[in-house]
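K.L.:
Chain by chain, the residues run as shown.
2 protein chains.
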Amino acid sequence: MTTSAELHMYLEEQRLIVENALRTVFSADWPIPGKLLEAMNYSLLAGGKRMRPIFVLAASAAVTNAGDATNRALPFACAVEMIHTYSLIHDDLPAMDNDDYRRGRLTNHKVFGEAMAILAGDGLLTHSFHVASQAARRGVSAERTLAVIEELSRLAGVPGMVGGQVDDMLGEQGQTSLEQLENIHLHKTSDLIAFALRAGGHAAGADVRQLNAFELFGRNVGLAFQIQDDILDLTGDETKLGKPVRSDERQEKVTYPYLIGLDESRKRVVNLTKAANESLLQAGLANPNRLIQIADYLLTRDH
Amino acid sequence: MTTSAELHMYLEEQRLIVENALRTVFSADWPIPGKLLEAMNYSLLAGGKRMRPIFVLAASAAVTNAGDATNRALPFACAVEMIHTYSLIHDDLPAMDNDDYRRGRLTNHKVFGEAMAILAGDGLLTHSFHVASQAARRGVSAERTLAVIEELSRLAGVPGMVGGQVDDMLGEQGQTSLEQLENIHLHKTSDLIAFALRAGGHAAGADVRQLNAFELFGRNVGLAFQIQDDILDLTGDETKLGKPVRSDERQEKVTYPYLIGLDESRKRVVNLTKAANESLLQAGLANPNRLIQIADYLLTRDH
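First to last, the protein sequences are chains F and L. If you're matching positions, the first sequence starts at 251 in our numbering and goes up one per residue. If you're matching positions, the second sequence starts at 251 in our numbering and goes up one per residue.
Treat the hints with care, since some could be wrong.
[Stated by the list, open to error] In silico lysine to any residue, SDA-like type, Cα no more than 25 Å apart, as pairs: (1) Lys285(F) <-> Met419(L); (2) Lys285(F) <-> Thr426(L); (3) Lys360(F) <-> Leu420(L); (4) Lys285(L) <-> Asn433(F); (5) Lys285(F) <-> Glu429(L); (6) Lys285(F) <-> Asn433(L); (7) Lys285(F) <-> Leu428(L); (8) Lys360(F) <-> Asp347(L); (9) Lys285(L) <-> Leu428(F); (10) Lys360(F) <-> Gly363(L); (11) Lys503(F) <-> Pro281(L); (12) Lys285(L) <-> Pro344(F); (13) Lys285(L) <-> Val504(F); (14) Lys285(F) <-> Gln501(L); (15) Lys285(L) <-> Gln425(F).
[To be verified] Covered stretches of chain L (in silico footprint by chain F; criterion: 3 or more residues with CB under 8 Å from a CB of chain F, positions within the stretch not fixed): (16) 281–288; (17) 339–353.
The hints are simulated quantities; they were obtained by calculation from the structure and are not laboratory data. Treat the numbers as computed from the prediction; the structure is a model and nothing was measured. Backbone N, C-alpha and C fix where the C-beta goes; we use that ideal spot for every residue, glycine too.
Working from the sequences, and respecting the hints, build out all of it.
P.N.:
Written as structure tokens, this is what we have:
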């Protein structure tokens with residue numbers, strides 16, 4: 251089997267583990283209004299690459315060969331995907347990006363109405379902390395679980411993802427510098443990916459050096475991922491992407507290709523990925539290779 | 251000094267402690283977009299009775315005479331007020347209750363726009379978990395802090411406050427039974443008050459019997475508070491309330507007086523308060539009296 255085929259099998263296997271876990275994040279014993287549950291699950295179980303939760307599991311497996319590593323890390327994997335999902339629901343709202351479709355399906359508020367979409371987002375966000383807290387029932391210490399919750403509330407919060415979203419909203423076409431654009435992406439996208447890596451590390455008992463390497467890897471991969479997204483929006487194949495291309499232009503979004511050109515953008519993706527991988531190799535990890543494979547794969551993706 | 255004057259002094263003193271703490275929940279070192287910070291603080295520092303955080307501090311002081319009780323409980327007090335504030339910002343949105351004024355000031359989205367109001371709410375909600383997690387740096391054990399976070403995500407979340415909000419939204423005039431109305435209020439209002447009491451208990455090392463008594467007290471006081479709100483909307487003095495009366499009628503809201511009449515509603519407030527106070531007296535608390543005073547005060551409030 252080629253490396254690429256083996257990696258795809260691994261990613262598919264991990265994706266299924268995540269999908270199954272996401273189906274159980276709402277306890278059947280809890281009195282949750284049916285329509286709310288439906289609205290949350292509509293977006294949470296809508297598929298996707300599940301890149302963030304897979305990073306949680308892969309980081310955990312990079313630290314340790316212990317057989318229960320996945321089981322310990324799964325609550326954090328689910329939590330990060332719930333945060334990602336809530337942010338998409340709120341971003342799509344008419345007051346924000348006003349999108350009717352996501353991944354080829356109607357957006358949450360187009361199906362359930364604006365009020366329910368706001369509450370479904372609030373519910374997913376709040377419940378992600380409950381799901382994360384359950385790691386302490388799977389062998390992760392209370393101290394480590396608390397550290398993850400602290401990091402989640404920071405990296406998904408006002409100095410992190412929420413702040414990045416605000417900066418993005420306040421930025422205007424033609425008035426955003428490269429530095430500002432990088433700052434927006436670092437917070438809007440990279441912070442949550444850096445969180446995913448660190449959370450996986452915490453679940454597996456990573457030391458400070460490893461956690462820092464994960465954070466650097468996450469930041470660089472997150473930024474590379476965002477630039478690659480910008481590139482694919484310009485050069486990609488609509489059927490592979492599952493969404494219309496050149497939408498950034500139509501929406502007058504400032505992108506990397508817009509600011510520095512396609513060639514320079516591609517160079518940055520390569521260099522960021524290289525930097526990401528190098529940080530892992532110096533952290534004394536038991537198995538850094540899988541994460542490096544994933545980073546390289548993201549670099550060459552066409553969707 | 252009369253009991254009433256002494257209680258008012260206590261409430262004012264506690265309110266000031268809470269106000270001061272709320273001013274420091276966002277670290278000056280953090281890169282938070284200025285406009286976002288402004289929007290969050292606009293609502294967070296808008297005054298109000300601060301009933302929920304005062305319940306946190308009072309529950310803590312009911313358990314223990316330790317001098318650092320307030321200091322240990324303050325992170326939870328701030329967290330519950332942040333959750334309450336985010337819920338008001340999102341409730342006021344055009345897609346929800348569409349309110350232009352709250353406490354005599356323009357609502358958040360009227361000042362900062364809808365998109366910023368959604369993000370300010372998301373930011374306050376996310377950051378409340380960070381603030382709660384800081385209790386572990388003030389002498390509360392990691393296990394207790396984690397228990398509080400778990401309870402916050404449940405009681406403010408999908409089977410709690412968010413679920414109550416959904417039920418309220420889906421309920422229709424004339425089609426809501428007394429049982430349904432009670433269920434809505436129990437989740438929409440009481441759950442967060444029950445959380446406040448339990449969180450204060452956790453901060454002070456309360457045992458399971460005390461935590462359960464706090465929860466019962468919180469649920470009953472929360473329900474009594476909501477019924478009293480319904481009564482004041484019908485019978486209150488606009489200048490004391492700081493908002494127009496009879497707004498429930500105009501908005502065709504189902505209320506306790508609407509379903510069971512004013513007299514029966516008043517009787518319920520008295521009985522719920524009595525039940526709340528009784529649960530405290532049997533829990534072996536060091537100082538149950540202050541909480542009982544507060545419950546009695548809420549019973550007779552005119553605003």
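K.L.:
It remains to establish, for every hint, whether it holds in the given structure.
P.N.:
Here is how each hint holds up against the structure:
no.: 1; hint: Lys285(F) <-> Met419(L); result: 11 Å, holds
no.: 2; hint: Lys285(F) <-> Thr426(L); result: 17 Å, holds
no.: 3; hint: Lys360(F) <-> Leu420(L); result: 17 Å, holds
no.: 4; hint: Lys285(L) <-> Asn433(F); result: 16 Å, holds
no.: 5; hint: Lys285(F) <-> Glu429(L); result: 19 Å, holds
no.: 6; hint: Lys285(F) <-> Asn433(L); result: 16 Å, holds
no.: 7; hint: Lys285(F) <-> Leu428(L); result: 21 Å, holds
no.: 8; hint: Lys360(F) <-> Asp347(L); result: 19 Å, holds
no.: 9; hint: Lys285(L) <-> Leu428(F); result: 21 Å, holds
no.: 10; hint: Lys360(F) <-> Gly363(L); result: 21 Å, holds
no.: 11; hint: Lys503(F) <-> Pro281(L); result: 23 Å, holds
no.: 12; hint: Lys285(L) <-> Pro344(F); result: 20 Å, holds
no.: 13; hint: Lys285(L) <-> Val504(F); result: 21 Å, holds
no.: 14; hint: Lys285(F) <-> Gln501(L); result: 23 Å, holds
no.: 15; hint: Lys285(L) <-> Gln425(F); result: 18 Å, holds
no.: 16; hint: 281–288; result: holds (count 6)
no.: 17; hint: 339–353; result: holds (count 4)
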